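Letter by letter, the chains look like this.
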Amino acid sequence: MSEPILEMRRVSKSFFSIKALRDVDLTVYPGEIHALMGENGAGKSTLMKILSGAYRPDPGSEIRIDGEVVHIHGPLGGRAAGIAIIYQELSLAPNLSVAENIYLGREVSRSGLLARDAMQAAVGPILERLGADFAPSTLVASLSMGQRQLVEIARALHARSKILIMDEPTTALSAGESERLFVLIRQLRAEGLAIIYISHRMDEVYALGDRVTVLRDGTLVGALDKPQIRADTIVRMMVGRDVSSFYKKEHDPTKDSMARQSAQVLAAVDLADGGRVKGCSLTVHAGEVVGLAGLVGAGRTELAHLIIGAAQLVSGHVEIEGKPVTIRTPGEALDAGIAYLTEDRKALGLFLDMSCKDNINLAVLGRDAKFGGILDRDKARDRAKKAFSALGIRAADINVTAGGLSGGNQQKVLLSRLLAITPKILILDEPTRGVDVGAKSEIYSIIDNLAKSGTAVLVISSDLPEIIGICDRVVVMREGRIAGELTRTAAAHFSQEEIMALATGVEHVDA
Amino acid sequence: MPENGAAAKAATAPALAAAQETRRQRTRTFIRAVGMLPVLLLLCLGFHFLSEGRFFTGQNLGIVVQQSAVNTVLAAGMTFVILTGGIDLSVGSILAASAMAGLIISQFPDLGPLWLPAAVLTGAVFGVLNGGLIALLRLPPFIVTLGSLTAVRGVARLLGADTTVFNPSIPYAFIGNGSLTLIPGLLTIPWLWVIAVLVILVSWLVLKRTVLGVHIYAVGGNESAARLAGIKVWAVLIFVYAVSGLLAGLGGAMQAARLYAANGLQLGQSYELDAITAVILGGTSFVGGIGSIWGTLVGALIIAVLSNGLILIGVSDVWQYVIKGLVIIGAVALDRYRLQGSART
Numbered sequence: 000m001s002e003p004i005l006e007m008r009r010v011s012k013s014f015f016s017i018k019a020l021r022d023v024d025l026t027v028y029p030g031e032i033h034a035l036m037g038e039n040g041a042g043k044s045t046l047m048k049i050l051s052g053a054y055r056p057d058p059g060s061e062i063r064i065d066g067e068v069v070h071i072h073g074p075l076g077g078r079a080a081g082i083a084i085i086y087q088e089l090s091l092a093p094n095l096s097v098a099e100n101i102y103l104g105r106e107v108s109r110s111g112l113l114a115r116d117a118m119q120a121a122v123g124p125i126l127e128r129l130g131a132d133f134a135p136s137t138l139v140a141s142l143s144m145g146q147r148q149l150v151e152i153a154r155a156l157h158a159r160s161k162i163l164i165m166d167e168p169t170t171a172l173s174a175g176e177s178e179r180l181f182v183l184i185r186q187l188r189a190e191g192l193a194i195i196y197i198s199h200r201m202d203e204v205y206a207l208g209d210r211v212t213v214l215r216d217g218t219l220v221g222a223l224d225k226p227q228i229r230a231d232t233i234v235r236m237m238v239g240r241d242v243s244s245f246y247k248k249e250h251d252p253t254k255d256s257m258a259r260q261s262a263q264v265l266a267a268v269d270l271a272d273g274g275r276v277k278g279c280s281l282t283v284h285a286g287e288v289v290g291l292a293g294l295v296g297a298g299r300t301e302l303a304h305l306i307i308g309a310a311q312l313v314s315g316h317v318e319i320e321g322k323p324v325t326i327r328t329p330g331e332a333l334d335a336g337i338a339y340l341t342e343d344r345k346a347l348g349l350f351l352d353m354s355c356k357d358n359i360n361l362a363v364l365g366r367d368a369k370f371g372g373i374l375d376r377d378k379a380r381d382r383a384k385k386a387f388s389a390l391g392i393r394a395a396d397i398n399v400t401a402g403g404l405s406g407g408n409q410q411k412v413l414l415s416r417l418l419a420i421t422p423k424i425l426i427l428d429e430p431t432r433g434v435d436v437g438a439k440s441e442i443y444s445i446i447d448n449l450a451k452s453g454t455a456v457l458v459i460s461s462d463l464p465e466i467i468g469i470c471d472r473v474v475v476m477r478e479g480r481i482a483g484e485l486t487r488t489a490a491a492h493f494s495q496e497e498i499m500a501l502a503t504g505v506e507h508v509d510a
Numbered sequence: 000m001p002e003n004g005a006a007a008k009a010a011t012a013p014a015l016a017a018a019q020e021t022r023r024q025r026t027r028t029f030i031r032a033v034g035m036l037p038v039l040l041l042l043c044l045g046f047h048f049l050s051e052g053r054f055f056t057g058q059n060l061g062i063v064v065q066q067s068a069v070n071t072v073l074a075a076g077m078t079f080v081i082l083t084g085g086i087d088l089s090v091g092s093i094l095a096a097s098a099m100a101g102l103i104i105s106q107f108p109d110l111g112p113l114w115l116p117a118a119v120l121t122g123a124v125f126g127v128l129n130g131g132l133i134a135l136l137r138l139p140p141f142i143v144t145l146g147s148l149t150a151v152r153g154v155a156r157l158l159g160a161d162t163t164v165f166n167p168s169i170p171y172a173f174i175g176n177g178s179l180t181l182i183p184g185l186l187t188i189p190w191l192w193v194i195a196v197l198v199i200l201v202s203w204l205v206l207k208r209t210v211l212g213v214h215i216y217a218v219g220g221n222e223s224a225a226r227l228a229g230i231k232v233w234a235v236l237i238f239v240y241a242v243s244g245l246l247a248g249l250g251g252a253m254q255a256a257r258l259y260a261a262n263g264l265q266l267g268q269s270y271e272l273d274a275i276t277a278v279i280l281g282g283t284s285f286v287g288g289i290g291s292i293w294g295t296l297v298g299a300l301i302i303a304v305l306s307n308g309l310i311l312i313g314v315s316d317v318w319q320y321v322i323k324g325l326v327i328i329g330a331v332a333l334d335r336y337r338l339q340g341s342a343r344t
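Protein sequences appear in the order of chains A and B. In terms of numbering that gives the first Met the number 0, the first sequence opens at residue 0 and continues consecutively. In terms of numbering that gives the first Met the number 0, the second sequence opens at residue 0 and continues consecutively.
The set of hints was computed from the structure by calculation and includes no laboratory data. Note that the coordinates shown come from a computational prediction; the quantities given were computed from them, not determined experimentally.
No farther apart than 30 Å at their CA atoms in a straight line, the calculated lysine-lysine pairs in the BS3-like style are these:
(1) A:Lys423 with A:Lys248
(2) B:Lys231 with A:Lys384
(3) B:Lys231 with A:Lys345
(4) A:Lys384 with A:Lys369
(5) A:Lys378 with B:Lys231
When you get a sec, could you build the whole thing from the sequences and use the hints?
If you want it as structure tokens, here you go:
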């Protein structure tokens with residue numbers, strides 16, 4: 000094996016008295032995809048922020064690049080050392096062109112004027128090498144998430160980075176876009192780049208990773224070589240225990256009483272918004288978990304928004320328990336018993352500056368209030384405490400602001416708010432996105448329990464193993480229409496290939 | 000056994016970190032709430048020594064609180080608005096128009112005593128108009144209230160045919176110049192200040208103890224999330240601008256009772272700036288969602304102490320402007336610093 004391009008030795012980092020990292024080692028070779036894994040809060044981000052220069056490590060830590068000891072100060076230092084990082088939340092300026100974004104901070108000028116032509120000309124070959132289908136002059140705002148990721152990668156390549164850090168690159172991508180990204184990552188590996196790949200998705204790590212380093216609670220658990228990479232090994236290393244039944248599905252609508260089986264709770268009939276959604280119908284029964292699958296951009300979230308009144312219906316209607324209802328706002332949806340968990344909890348769900356208690360109680364404050372508007376603080380406190388223990392929310396207490404929690408705990412806080420109204424219908428949009436393995440499994444078990452108690456659950460997810468693991472039925476969307484439906488029976492189980500075939504419109508997909 | 004030990008360790012480490020996080024958050028909240036209180040006390044002490052003991056006298060303190068009263072009332076309304084991430088530039092003009100409307104009503108012999116509710120109502124009507132334009136037509140608050148700053152000023156001048164309206168026998172004149180005697184001969188409180196403190200108390204109740212209060216913080220913290228959570232964002236927005244207008248109307252009534260007169264052109268000029276400064280000094284974030292009414296009270300007092308103290312130590316009028324302006328910039332710098340402190344992960 001060649002010489003390592005990056006060696007991090009005994010890297011520690013303390014924030015005040017909290018040790019976020021303790022003597023972590025990481026060795027990366029050129030031309031390898033190195034997966035960095037661990038639950039949220041395990042120290043992955045801290046380690047990468049040290050590498051990119053955002054944090055300075057504690058004394059005694061050592062970083063070598065190409066065998067030379069380096070000290071990386073600030074993002075410019077990271078760039079100078081040949082390190083590029085692509086964050087979960089992409090850091091592009093949407094109002095600027097592709098070329099301008101790639102050159103951001105290093106603009107080329109000729110006699111004081113911006114040399115836009117020269118910059119675009121230089122960017123062209125890089126985009127071509129990446130197989131991009133857009134021009135350097137395109138406005139970033141008009142690009143899809145997948146295309147924006149290409150711009151980020153182009154920026155890294157343009158800076159002649161030797162080490163590329165990708166933090167959950169596929170969270171915002173559709174299955175097709177992810178697939179294309181993997182091809183590209185492999186190509187970059189072949190060109191000799193070292194890629195540090197952070198992901199929660201086991202199948203990605205399995206498909207891409209040459210080696211895996213696992214962190215837990217700020218310490219190094221171990222590193223695995225390709226032949227040792229197995230999902231159960233990694234999960235055990237990450238959580239420190241066996242996660243034997245990851246997906247929990249004990250509820251079974253086919254076994255329950257006939258009365259419940261026939262209780263169709265939600266029916267969307269021929270819904271259309273005049274844009275993305277072109278006439279979609281689906282039904283969800285009491286005690287049933289229905290998956291809504293499809294590529295990103297197929298219109299799943301838009302369909303959910305139509306159901307809850309967050310978007311304007313152009314045609315079609317919604318029925319609850321067989322009766323047509325008019326829902327014009329999310330507030331009316333809540334009143335009708337439909338709760339919706341947004342896919343973007345930070346932008347559309349949580350109030351990050353407000354306490355967990357207020358976040359949990361928000362939807363029921365009016366119902367609990369005394370004298371028509373005075374807060375019932377005892378009720379609010381009890382409800383929050385109950386939610387903390389019922390959903391296993393880990394935070395110091397209910398008055399901590401939601402912004403300080405990990406992704407999994409934030410998701411549970413948001414879920415508690417919805418459960419507080421005891422909904423008849425629960426629509427979950429990407430319920431486990433950006434959530435660590437332990438919390439994921441807990442969320443599955445919450446969903447399972449809700450279905451057992453008769454709630455109708457609709458789960459939108461791009462994580463196919465998740466859909467297969469927890470759903471009774473899956474409805475697949477393609478380009479704004481329902482492409483088909485698959486039902487789980489005792490004898491047969493729908494597969495990833497069947498879902499992908501419907502989602503892409505291709506007859507046979509080799510997974 | 001070693002497994003148990005490891006499990007226990009794994010459980011305590013995040014718990015410890017979480018406990019530390021709460022402590023940090025509490026400190027932050029505490030600093031935000033009282034943040035400016037030490038500054039206020041230092042200013043008072045400083046002016047006391049520089050003015051050779053003329054600051055802490057019963058008479059001077061009475062003047063300070065009386066002078067801060069109207070601004071405190073306006074700033075309370077402004078706190079509601081800024082908590083939702085908005086701004087109300089029109090309060091000075093609304094104050095003038097309300098005072099004019101009140102004085103004109105007070106001149107009718109039969110309607111005389113109704114002038115006070117009339118003034119407050121005038122303010123509320125303008126506030127609802129502001130709120131309606133912002134909430135229903137989705138216009139930016141800065142633009143809407145910048146427009147009404149000018150338009151309502153015009154209405155104020157129109158009401159008195161651009162003259163000063165006097166009424167030496169205006170009913171309830173005591174609220175402008177009288178004092179409430181708590182301990183005869185020892186402790187009296189100007190009625191203006193009593194009103195201001197009552198406004199602060201009621202505001203605190205609404206913001207911290209009612210559903211509406213939580214909704215106001217929610218709209219300021221994340222408007223889209225509030226909408227998805229079923230909050231009637233439009234109603235919350237109309238409410239906060241109505242409160243701001245209503246309190247500007249109350250401020251107008253307080254000014255009218257104090258002066259027995261109102262002038263549509265001069266009254267309340269640039270009062271909006273003092274009100275905004277008080278809110279920002281009080282730690283309310285300019286982007287909304289974070290802040291407290293007590294901070295606003297402290298902020299309003301700082302401005303009053305600054306004006307009073309600078310006069311006491313004989314700083315010229317011109318320099319008072321410069322110093323007060325610098326305080327505004329300093330306050331916004333503080334706001335930035337605070338936002339950094341609450342950086343989200």
